[in-house]
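**Student:** Protein sequences, first through last, are from chains S and B.
Oh and the first sequence: position 64 is 64 in our numbering, straight run, nothing missing.
Oh and the second sequence: position 123 is 1123 in our numbering, straight run, nothing missing.
Hints are computed from structural coordinates only; laboratory data are not their basis.
The calculated label-pair distances, taken between Cβ atoms and stated as ranges, are:
| hint | chain 1 | residue 1 | chain 2 | residue 2 | range |
| --- | --- | --- | --- | --- | --- |
| 1 | S | 63 | B | 1355 | 56 to 66 angstroms |
| 2 | B | 1263 | S | 348 | 15 to 25 angstroms |
| 3 | S | 126 | B | 1176 | 55 to 65 angstroms |
| 4 | S | 284 | B | 1352 | 30 to 40 angstroms |
| 5 | S | 39 | B | 1234 | 30 to 40 angstroms |
Ideal placement from N, C-alpha and C gives every residue a C-beta, glycine not left out.
2 protein chains.
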Amino acid sequence: MVLAREAAARPDAIRRHNLGLLLGEIHRDGELTRAELTQRLALSRSTVGALVADLTALGLVVERVPTGGVRAGRPSHVVGPRDDGPYAIAVDVDVTRVASAAVGLGGRVLARHGSLAAGQPPTPRQVAEQIAQAVHALDDLVCPGSWPVGIGVSVPGTVSSRNDVVEFAPNLNWHGEPLGAILADTVPNGLPVRLGNDADLAVTAERLRGAGRGSDDIVFLMGRVGVGAGIVANGRPLSGHHGHAGEVGHNVVDPSGPRCHCGKRGCVETYIGEKALLKLANRRRPPTSENVAALFADAHRGDPQAAVAVRAVAKALGHTIASLVNVLNSERVILGGSLASVFDFATAEVSSAVSEYAMTEGHAAVQLRTPGLGSDSPLLGAAELVFADLLADPLATRASAESLIRP
Amino acid sequence: MVLAREAAARPDAIRRHNLGLLLGEIHRDGELTRAELTQRLALSRSTVGALVADLTALGLVVERVPTGGVRAGRPSHVVGPRDDGPYAIAVDVDVTRVASAAVGLGGRVLARHGSLAAGQPPTPRQVAEQIAQAVHALDDLVCPGSWPVGIGVSVPGTVSSRNDVVEFAPNLNWHGEPLGAILADTVPNGLPVRLGNDADLAVTAERLRGAGRGSDDIVFLMGRVGVGAGIVANGRPLSGHHGHAGEVGHNVVDPSGPRCHCGKRGCVETYIGEKALLKLANRRRPPTSENVAALFADAHRGDPQAAVAVRAVAKALGHTIASLVNVLNSERVILGGSLASVFDFATAEVSSAVSEYAMTEGHAAVQLRTPGLGSDSPLLGAAELVFADLLADPLATRASAESLIRP
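One chain only, chain S, in its complex shape (with noise of 0.2 angstroms):
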């Protein structure tokens, strides 16, 4: 239960804070009653009332009488989100794709752009240019009415701790590239724009709505084209002196390991990266989406070379956890992108692996889990960082997003 304060000493910052109260209330858990927002808020229902009143002028939330269900007594309205409210322009960079999507309150998907296959990876400018596409195609999608309050960026890559530049992102050979600010020069209408890693990005979405619910202690376990970590630790997100923590796509496991792009031998991503799996699998392919699931498909028909490329990625994911494992003692590893697929298929030999490499005695054995969000771990946890901003302060980003709205 969140705490709320009733107004006393300087009312409108606490009505501000209140509102943000409740309609993260509603952002997480969707439709609430008033009565259930009373209580869950610790104020009076008169203060509730208005409260609501004012996020329903603001056009971020309606009331309305649940359908369906006999109940005796007058029914209790529900508050949640309206289909014509604020949008977060969600997006997801990644070596072969870009993705985008249109990401109401509550963490609806309420439209979709095409993500874009590239034969190279994308430039800043390109992905750039293909985000203000998106905005311009999300706008004709969404519900009329409805309006877009900031632009999330997940990218494969370590950013800086103000958000807005990539300092390193080695698979797509980006150096510190100020995204941010090419894309504020970009986008028509000045959105404002935030960017984060897609591991971080990948547990703050699954802590919030998927498989790491309930858990204090979680690594995410991103394998793309490259690997990293995104942690949440004693209930917060770990992001390290500069925001760079969960790098452990380039620890060695080998020091005579395969060659990394890098430079250095027998990295993590050499073993469990898609690249690596294709390699295993003897496919001289580019690693996008497609010949990486057509190879997990290959597998579950009985190829037997898809499938040994399989379960080598498997032992070396389940050495990979361990030593994530003995250093954070996380309750909980979510395995995310081609890794989430490795784990469907061979479960057992992921699972013998951490057992084998890992330190449990006298404690129960990590959890394993595959994202309950599916692929959209990252592409969510962008829309986060735009819904940060609207819940820190709905007035202001209302009255900020109203003087973006095209004329």
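The hints should help you fit chain B onto chain S, whose structure is shown.
**Tutor:** Here is chain B on its own, set in the frame of chain S:
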């Protein structure tokens, strides 16, 4: 600055809280003037005066006129710990020795009890007996009138979250040993007992008064016979879901590496632990502190076999540090136990291996340090386990201590 509370609703609870805060300031920073205490606690002068009078009556602090220095006006009295005040019995259990000390408020070592080297790793009962002897010996060594408030024990293994069972101490060959209960039976006057992992306690002590001051993202990498890490992230101890975080010693860094006593091959410990160091120097001796110290002395004197061994450990140490920092993005790594001597002898080799293996693009390299508290970090961290109870409620601890004092 720590904001204290002016007495209002529950005067007794607030008084206890404020007594703890004031005592905590003196514990952390030593002697302070009443003016400094008034400013730090943001309380009135009269309230601080009353709190100081309370702590003086409890025998916890003493006020005195500072000697030396000539200043105009009335000298401000300083408040500091009493020489004959409370002390913690701090114990540092390692594979080849059990070192004990009486530690006063402010982290001052008041007396030490000779450590005992054993041919075999001690059993829990042997450790308990040595601690019982230390309790008596230290009582004879401290100022008359001093009184013990509890026993804090550092162990080279994982400790249950209830702080009373050693779950797993591989180099002691302990598995699920109820050392807390054994000690409670063995120690004559029923002093409260708290256990902690050596590296976890070391990082606590170093952050309070040593090389970790001022940083919120620290790893203390402890190298003795075993290897473990104590982690502070976001300014808080990272203990993990079961309290077992930091068990990096059995992470496998080369599956074709040397066989480890844990059954695996190529564990971190087989590269940078004290047994590994002695073996690399071709010395078939037990890993006592004397034998390890002799090896470093020989390396400094130019013994080529010793120097080569230390340099080999230095390189592996750099790799271990980099793998930890890639995951945690710590600001500072403190090297303890024999790893401090490795770093002192082969600083360049350690730093160069860290650079080779760490992802540092876009941010400064990690800061490498040796402990500010020398080899006492785990011992002083163990004392903090005891002081935590005292600072939480100075009134209760004194009351219970009085019931424990021998008739």
